[in-house]
Structure formats: C-alpha cells, structure tokens
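> So the sequence lines, in the order shown, correspond to chains A and B.
Just so we're aligned, residue 8 is where the first sequence starts under my numbering, counting upward by one.
Just so we're aligned, residue 3 is where the second sequence starts under my numbering, counting upward by one.
No lab work stands behind these hints, which were simulated from the structure alone.
Backbone N, C-alpha and C define an ideal beta-carbon position, used for all residues, glycine too.
Be a bit skeptical, because a hint or two may be false.
[Stated by the list, open to error] A few chain A residues that don't get close to chain B, going by computed Cβ distances all over 12 Å: (1) Glu13; (2) Gln103; (3) Ser146.
[Stated by the list, open to error] Covered stretches of chain B (chain A as the covering partner; in silico rule of three or more C-beta atoms under 8 Å from a C-beta of chain A): (4) 79-93; (5) 350-363; (6) 464-475; (7) 489-503.
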Amino acid sequence: MVPQIELTELDAVGDTTPKFFTAAQFAALRKLSGILLPPLKGSPGALDTDAPEFLDFLIGVSPVERQQLYRNGLDYLNAQAHRQFGKAFAEIDAAQADTILKPLFVPVAWSYDPPKDPIKHFIFEAHQDIRTATRNAPSANAAAGGTARRGFAGGQYWNPIDPV
Amino acid sequence: MAKKEYDVLIVGSGHSGGMAAKVLTQKGISCLMLNAGPEADYVKDRANKSAHELPYRGFNKPGRLPHVYQANEFNANQWVDEKEVPYTHDPAKPYNWVRVRLLGGRSLFWSRQSFRLSDFEFKAADIDGSGENWPISHADLAPYYSQVEGIFRVTGKKEGWPQFPDGNFIEAPDQPKSQTIQKLTDLCNQRSIGVSRMRSSQGINGLASSINLLLPDAMATGKLEIVSNAIVREITTDKTTGLANGAHFVDRHSKREMHVKARVVVVAAGTLESTRLLLNSGLANSSGVMGHYLHDQIYGVSVVASVPEARDGKASAGMMGGSVFIPRFRNLTKADKRDFIKGYCMLINSGGGANPNFFPLYGEELQKKVDSYAGSCVSGSIYGERVARFENHVRINKTVTDAWGIPVLHVDVKDSDNELKMAKDAADTMEDLFKTAGWEILSKTDRFYPPGYSIHEVGTCRMGDNPKTSVLNKWNQSHDIKNLFVVDGASFVTCGWQNPTMTIVSLSMRASEYLAEQMNQRAI
Numbered sequence: 008m009v010p011q012i013e014l015t016e017l018d019a020v021g022d023t024t025p026k027f028f029t030a031a032q033f034a035a036l037r038k039l040s041g042i043l044l045p046p047l048k049g050s051p052g053a054l055d056t057d058a059p060e061f062l063d064f065l066i067g068v069s070p071v072e073r074q075q076l077y078r079n080g081l082d083y084l085n086a087q088a089h090r091q092f093g094k095a096f097a098e099i100d101a102a103q104a105d106t107i108l109k110p111l112f113v114p115v116a117w118s119y120d121p122p123k124d125p126i127k128h129f130i131f132e133a134h135q136d137i138r139t140a141t142r143n144a145p146s147a148n149a150a151a152g153g154t155a156r157r158g159f160a161g162g163q164y165w166n167p168i169d170p171v
Numbered sequence: 003m004a005k006k007e008y009d010v011l012i013v014g015s016g017h018s019g020g021m022a023a024k025v026l027t028q029k030g031i032s033c034l035m036l037n038a039g040p041e042a043d044y045v046k047d048r049a050n051k052s053a054h055e056l057p058y059r060g061f062n063k064p065g066r067l068p069h070v071y072q073a074n075e076f077n078a079n080q081w082v083d084e085k086e087v088p089y090t091h092d093p094a095k096p097y098n099w100v101r102v103r104l105l106g107g108r109s110l111f112w113s114r115q116s117f118r119l120s121d122f123e124f125k126a127a128d129i130d131g132s133g134e135n136w137p138i139s140h141a142d143l144a145p146y147y148s149q150v151e152g153i154f155r156v157t158g159k160k161e162g163w164p165q166f167p168d169g170n171f172i173e174a175p176d177q178p179k180s181q182t183i184q185k186l187t188d189l190c191n192q193r194s195i196g197v198s199r200m201r202s203s204q205g206i207n208g209l210a211s212s213i214n215l216l217l218p219d220a221m222a223t224g225k226l227e228i229v230s231n232a233i234v235r236e237i238t239t240d241k242t243t244g245l246a247n248g249a250h251f252v253d254r255h256s257k258r259e260m261h262v263k264a265r266v267v268v269v270a271a272g273t274l275e276s277t278r279l280l281l282n283s284g285l286a287n288s289s290g291v292m293g294h295y296l297h298d299q300i301y302g303v304s305v306v307a308s309v310p311e312a313r314d315g316k317a318s319a320g321m322m323g324g325s326v327f328i329p330r331f332r333n334l335t336k337a338d339k340r341d342f343i344k345g346y347c348m349l350i351n352s353g354g355g356a357n358p359n360f361f362p363l364y365g366e367e368l369q370k371k372v373d374s375y376a377g378s379c380v381s382g383s384i385y386g387e388r389v390a391r392f393e394n395h396v397r398i399n400k401t402v403t404d405a406w407g408i409p410v411l412h413v414d415v416k417d418s419d420n421e422l423k424m425a426k427d428a429a430d431t432m433e434d435l436f437k438t439a440g441w442e443i444l445s446k447t448d449r450f451y452p453p454g455y456s457i458h459e460v461g462t463c464r465m466g467d468n469p470k471t472s473v474l475n476k477w478n479q480s481h482d483i484k485n486l487f488v489v490d491g492a493s494f495v496t497c498g499w500q501n502p503t504m505t506i507v508s509l510s511m512r513a514s515e516y517l518a519e520q521m522n523q524r525a526i
C-alpha cells in the first residue's frame, strides 16, 4: 500500500503578500479593518487574522468594477483624513476616524440593493468582506476550536465533477 | 453498423424526464435517455470542508457564475459553467439562468416545496382577463398530482381552500404555536388571510430527486438505457413524413458527433434548454409562439421585525419560534380589487436574529446591537407570480456558440408595473401585520431579484387548444409533429406563485401515459 503523506496548509507556513493596492490604499484598508472588526467577545479581529492581506488578494483578482469601488473608497478615506486632520487615514485616532466613517454607514435592507452613493456602497461591501474574510480565516477557525462554528464557515463542498 | 432504433428518446434526466422514463418503461416501451452532463458520485464528489480550506476562503472565485446568486464556493461546481454554456441578454435586462447538467438535473437540489396549481391559475384568464386559460383544469391533473404526491411523500395540512388544493398528503399533527406565531395567525384571521403550513416532499433520506424516486424504477424494467455526457444538438426529422426520427448529439468530452434513431422524441431538458434545442432544430413552431411567454416568480421582497419583549435574551419559553405559510390571498374574489392582478404567498419565520446590515453601525456597537436582537426577530418573504407576456421571450443568438459549437439563447425579459405593484403590496402587508403586532420594523424592501432567479422558469412552449397560439396541445404533444413531446416546464401557460415541480412531474406523468396509449394503439 502506498502511504498517504500528511501535508501542512499553506496559511500555516506563509503570509499573504499584498500587491494590488498602493501602499497608501493598503494602509487605509488595514486601519478600516481594525476599526470595523476589532477583537470581540474573545474572537479574533480583522487584524488578528490576515483579513486585509486576503482582501488585497481577492480584490486584485476581482472584476474591474469591484476593484474601482475599493480603490475609490480607500482614496476617499485618505483624502478626507488629509483634508480634516492633515494626515493619512491610517494615522488618525479613533475619534477622528469615527468622524469620517459614521456618516458613511446607512442601513441596508437587502444586500442586492446596496447604497447608490459609491463611497457608502464601498463601505457596505468592505464591511461585509472584512467580516467574512475574518470569520473564514484559518486563524479564526483555530481560535474557535477548529470546529468552524461561527457563521458560514463550513459545509459540504462539491469537488469538480468530471471536468471536460 | 446501424444501431437499433429506440421506441422513445428522452432528452434530459431531471424530474420530467425521469417521470417519462418511469411511465413509458413500465408500460413495456424501450427508452434511451441522453443527459448532457456527468453522473455525480455522492461519495467521491463531496467532502465536508471548512471555508478556510477553500482557495477563495468561501468567497467563491471572483467573476465565476455572475448570474447564479445561489452559488457559493462550496457548491460552485454543481452549476453549469457560464463560460462553457453562455447565454446573452441586454445588460439593461438582466436574466439569471440557473442550470445543472448532472444526471438528475436540478431535481438534485430543489427546495422540495410541493404545491398544486389551482383553477385560479389553470383558468386565470376567466378570473383576471389576462393571457389564456390552460387547456386543462385542476380536475384533469388531480389524479396525477395524487400519484406524484404519493411517490414524493408530500407532507402537508389539508385546508379545503380553492386557491390551495389539498392532495394525497402525509398529514403531520399541528405543533403548538409560539406566542408570536399565534399573534400573527390571529391578525391574519382578522384580515381574512388564511394561514397554513408548508407542504414539502420528504422523498427518501431528504432527497426527492429523479435519481432516487423515478429512474431506479425505470431501470428495474430493463427497458431504459441512460447515456451521460451526451449533448443533444438537433432533433432530426424524416424528410417524407416530417416526423421526428432521432437526434444528433455530441460527446461532451471528445466532441465526437453522433446520431441516434427513435420512433418518438420526448424533450425534458428543462424549460429553456428544451426550447433552445427545438429552436436550433427549426421544428414545431408553426404558431410562432415558441420562445415566448417566458416567466417565473418574484423573490426577494422581505420585511424583518424584532419583538421588543424577546430582546436581550429575555424571550420567555414559547414566545418565539415556528413558521407559517400563507398561500395566495389576493384577488381571490371579485370584491377584492387591487391595482395588480394575480397574487403571492408569504412565508414567515419567528425566532431568527438580525442581519448586521440592518444597522448603520460597526465594531463593538454593532456587536452589541446584534447580540441584543439575537433570537428576537420575525421575518417574512414572498413568492409572487410574474405575468406571462408575449414580449418576454428567448431567441437563438447565431453569433455566439457554446463549447460544443451549439448556438446559444438570447434572453429578452423585463418586469412590468404588475410585478412592482404586487411587490409593494406584499411589503406593505407584512409591515402592517408586524407593526400591528407591536413589533419594531428592522428592514423592509419591496425590491426583488432579476427574472430567472427563482429557478422556476416556465413557458416558451406553452400548451393550448389552438395551434395558432400555442406550441403544444393539452397532452404536451407538439401541434405540428405528433411524435414530439415536451414534458418539462416549457408547457406552462401561467406559473402561479407555487413551486412548479409537482405540476411539472404530474404533467409529465399524464403526457407519458397518453403517449404510451397512443403507441400501443399504433396511433403514434
């Protein structure tokens, strides 16, 4: 019998290399991720997992409309921070960030009917993506006891079925 | 060497093709079934995984399956690849065509809600003056519904309501109602809105598919052969008689072109694939109606409320939980005058939590809010009937072909005021019920998904008595070619608000019994 060699998952040995967003955009994404999803109730926050790095990858391979939504949104956060506080978004304090962010949040009744304003739309999408990327990160799974208990973090996967 | 001629070629292996195969083979008729995709291996092809083990961490590969909102990274491989088998539409008129080509088709994955159409649908033109009546009534189909409900093991509660015909149900006793569900029921009763329960196919071990309820019986006769990965390109006809005599098909893997001979052709590839095949074959369309009257149901309208006394974990025992199903209650009487025709059903659940998107908050504030509302919510959604209209149609797009060189469909469908007004009425009605109950409205939307999303697309080869205005007769038989049958949802005249599966399978059973009788009498 041929032995089955046990393998290690890639996230256990390496870190995602961000390469899509500019340095300024990525710094704003990290700052935003930390504010929108800090560690809560013993669960890791967005910065405790690699949610921003993963989103840099994900948006980098996404359709151009989504890339533009993110780039414009992150640029807006930096521009507002510079205009109001003379610093990049990543450099401002929590109260200053709240001043910029609070007006951008609106209730959304149905995720297929997002806000029309592109910046509010960006915030809505990024908020959802940051939550999902954090919840589904390998480190979050490990923190939950490896049982993928929180939200949509596990299920029955269909392998490719007889591809052509 | 020339191969044998089959009695019947069945194109497609879902609920409708499976039922045709079962009925015909059990009457001694030899059948060949061609299915466009492979057979899934339920052991080899599935595995329990965590989202973090998937390449895109559960997000699904960006840009894959843009029209399949039901797709996620776990189930992405079950759907038809939109690049392999594309279709086109005007960007301003989106259409979601959601397909499965595995053996058994979409019968592998349906939600198993099991309803009959009523004479409010079969005789809709008499009631609201729109479109045409079906050439059959509920009474014509009732004996077939009963047999199908037996095979599918449908559970439900009998109500005696004309808009919600009772059937051959496994009747489960009523569960005690939670206080929220009781309150809602009382409010509906005050408004003369009938409250019932979901009707659902139990099947066997939670699967109510062609592959476990229908095809095994057909295989047991020894009269059915099934070929997978055989993509039918064109139905062929005899030059002299004009009758169907077989089909050209393509091997999915090698693209080798093949032909098979049959005395009768039964098309059961799913509404739009069946119509695409017939249009590409240039057959059975003397009426000019083929491809027209495409319709389905509106999904997406929803209202969510929170029960204040149930917040912060304070719900007492018996306060939350349970669900109700409310079949169509609009436009049932002449006295009920609305600014729209037809109607919708409502599904209301008690006991869920709030979607974080409902709150303009983030971080710890959001978490507190979500925790506070956990388990306190009542949510309602609807399925509403779209009106079948001539202008909503599909045609062949000769400039685009699929991976096997077969011309694709162009879908041209748009909603009208009737859908918008119906959705608004539904959202307003649910909001009124929840507000009157004293609950806090957390979200309300009267927006709905694009056409096709419900995966209940029907029409495009509608049945009727008049060959000038319909493609099929009341036996699902082509008016033009008497040995050609279309037994899937393409035959529908109006879809109602109901999941169409029970009706599709019952029509296929009825058509197949008629076909077997005609073949035995040598009339076909």
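> Next, verify each hint and record whether it holds.
Quick rundown of the hints versus the structure:
1. Glutamate 13/A, annotated as away from the interface, keeps every beta carbon of chain B farther than 12 Å; the closest lies near 15 Å.
2. With a minimum CB-CB distance of about 15 Å to chain B, glutamine 103/A clears the 12 Å threshold, and the non-interface call stands.
3. A beta-carbon of chain B is positioned within 12 Å of the beta-carbon of serine 146/A; the least distance is around 9 Å.
4. Check on the segment 79-93 of chain B: 3 of its residues sit with their Cβ under 8 Å from a Cβ of chain A, so the three-residue criterion for coverage holds.
5. For the segment 350-363 of chain B, the stated coverage by chain A is satisfied: 6 residues place a CB nearer than 8 Å to a CB of that chain, which reaches the threshold of 3.
6. For a cut-off of 8 Å, the count of residues in the segment 464-475 of chain B with a CB near a CB of chain A stands at 0, and the three-residue condition is violated.
7. A stretch counts as covered by a chain when three or more of its residues have a beta carbon under 8 Å from one of that chain; for the segment 489-503 of chain B and chain A the count is 0, and the coverage is violated.
Taken one by one, the earlier hints fail for this structure at numbers 3, 6, 7, listed in ascending order.
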